[in-house]
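2 protein chains.
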Amino acid sequence: MSLPRIAVDAMGGDEGVRVMIEGAALARRRHERFKFLLVGDEARIKQALEHHPNLRAASEILHAPEAVAGDEKPTQALRRARTTSMGLAIDAVKRGEAGAAVSGGNTGALMAMAKLALRTMPGIDRPALAALVPTLGDNDLVMLDLGANTECDARNLFQFAIMGAAYARIVNGLESPRVRLLNIGTEETKGTENLRDAATLLKDATALALTFDGFTEADKLPRGDFDVAVTDGFSGNIALKAMEGAARFVGDLLRRSFSSSLRSKVGFLISKPATELLKHHLDPNNHNGAIFLGLNGVVVKSHGSASAMGVANAVAVTARLIEENLIERIAADIAAVDPDTIRQPSRRKAATQEGETAL
Amino acid sequence: MSLPRIAVDAMGGDEGVRVMIEGAALARRRHERFKFLLVGDEARIKQALEHHPNLRAASEILHAPEAVAGDEKPTQALRRARTTSMGLAIDAVKRGEAGAAVSGGNTGALMAMAKLALRTMPGIDRPALAALVPTLGDNDLVMLDLGANTECDARNLFQFAIMGAAYARIVNGLESPRVRLLNIGTEETKGTENLRDAATLLKDATALALTFDGFTEADKLPRGDFDVAVTDGFSGNIALKAMEGAARFVGDLLRRSFSSSLRSKVGFLISKPATELLKHHLDPNNHNGAIFLGLNGVVVKSHGSASAMGVANAVAVTARLIEENLIERIAADIAAVDPDTIRQPSRRKAATQEGETAL
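Residue numbers (my numbering), protein chains in the order written: chain D, 1 to 359; chain A, 1 to 359.
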């Protein structure tokens, strides 16, 4: 059986068609079995494909007359689901014509469209946005939710843990990923009631293919001591962006320091391999591809400013999730849990779904 | 009139008496007008003072038979307020025998003791923990709350903004500090209801000596584009620690990179002044001293692992806050606001006070 195709929203991303097609071509060169459904303006896609005969041979084009704008409200984008490249790429997943969709477009719109078209999986109340964060350890850290759900109750967090662990098992090849809840202290009494309740649920769910490892503080996220960090979308977005901002801040300081004197400049030139290594580690393109977990289908968000290499990485992650049957794995994990634990959302503190957060 | 004294909890901090006394001595050397009340084990303080005759001449010792433990529960520490160095240092502020207190001990205990002894200021519902964060701009960023209040309503955030702006006016010499609310997007519709309500309160409060500048995302915190970042204690703690963790992560990567080859090692040695400059910028000792704002008295928390130089910086900040009448300034700002806006806490979403967060 041939590998299911990946639908690529060719119009998404800050640079549009060229980068998305170049990224797909790069991914195709590395993994020859990939097939593609390229969704967007047919003329422009054809033009971009002229430079990539290999990709052209493995692709079909699906014309979309419109594209979702970067600043478009999700509610507005939803009304154009049948005419936009983003909407049609997701629709291809729904109709089984593609195994997954990748888009570099508007995160909120992508989330809203994916949710409406693909629906959440049985046993999951809210989908979550998960990404890979670089660490000092051997593996990237899976972190979720990163902004899809502003407020979450204990059951949402519990479900995120199950989905995040399934994702970590696939991308990092782990048997029982170590899962921690993001909190402002590690003692059991710390944080909100929702966090403490989620900890209790996770402690009791011993049938799951994950190792619950308690709370973590935010400074431990990049240490590589555990594999999955679970949090509500508000805190997750704050933590991820704070780390991005601090890494950029240190990089800027470093640049300033190195240009502060001739001696420093010389030192910089000599140690360039070292700083290049650092740059490679911190380049978001090497960790590109945030995934919406909890839907009946795989939808991956490539960073809007990703390079062709970044897009290729997002496409490679997507292919891996199809090959390794992510959705089926999550479904099996949910089936392993007592339905009463996972199904009934606590009404007292229901989740607020926003889905309008740009990453 | 002589400058009011600073009460120093000599037993706080991971290294105890020696570092606290050495820090006070350093501060005293730089600012000769300072007077001190050194609180703790009299014999050990006397011994430490033997190396610092300058400090001895400017100090009085207040014997405290006990010390608060680093892992002691705030409720437990409260019961020993009359016998511990932390409790007696705060008590000295209450009785007017010192203008402010500095401690490197248990944050939760310090918060609980300070609140009970000094009480919150009229018009303030909850005190908040504020700290200075390094930026690429000319000034450090004032950030609050950093963990004293796990959940906050709109009025809490509004009051934090007033207190943070007063603090920024003093430490950074600004007339009308630019204040932003930490959120997961900058559009008006983003985030929680509490954040949106707080934004409305701040927009309407035009009589205040601050410029409300909307929402900020966490990656913008170190850019130096604004002066005060206001947030609830949960998100603030997550953001601050995420930044600390990321900065350390980059530093660790840099070290690894520089030791990856002989060439890199040579480059590192040559560019040492540059990396030293970076280290200086990122050294938490240069930004030491988190302050509890909103109490009828100044209480400053020095980082538990601060060096003598770090303690000296915390003491210097403390002295500046006394000299510049921080409490009176906050009181004047509160008086400038319509009492209905600031006083009545919204009952619908009351704040949860934790005060057990270690920084």
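Errors might be hidden in some of the hints.
Keeping only pairs whose Cα atoms sit at most 30 Å apart, straight-line, the calculated DSBU-like set for lysine-lysine is [as the list claims (entries may be wrong)]:
1. 265/A to 279/A
2. 220/D to 203/A
3. 220/A to 220/D
4. 220/A to 279/D
5. 94/D to 73/D
6. 279/A to 265/D
7. 73/D to 279/A
8. 220/A to 265/D
9. 279/D to 46/A
10. 265/A to 203/A
11. 279/D to 73/A
12. 265/A to 265/D
13. 220/D to 73/A
14. 203/D to 46/A
15. 94/A to 220/D
16. 73/D to 46/A
Calculated from the model, a selection of chain A residues having no Cβ within reach of chain D, i.e. all distances over 12 Å [to be verified]:
17. 65
18. 78
19. 182
20. 190
21. 206
22. 231
23. 241
24. 248
25. 252
26. 329
By construction, these hints were calculated from the structure, which means they are not laboratory data.
Positions of the beta carbon are idealized from the N, C-alpha and C atoms, including for glycine.
Worksheet item: Which hint numbers doesn't this structure obey?
Response: Of the numbered hints given earlier, those the structure breaks are 2, 7, 9, 10, 11, 14, 15, 16, 19, 20, 22, 23, 24 and 25, listed in rising order.
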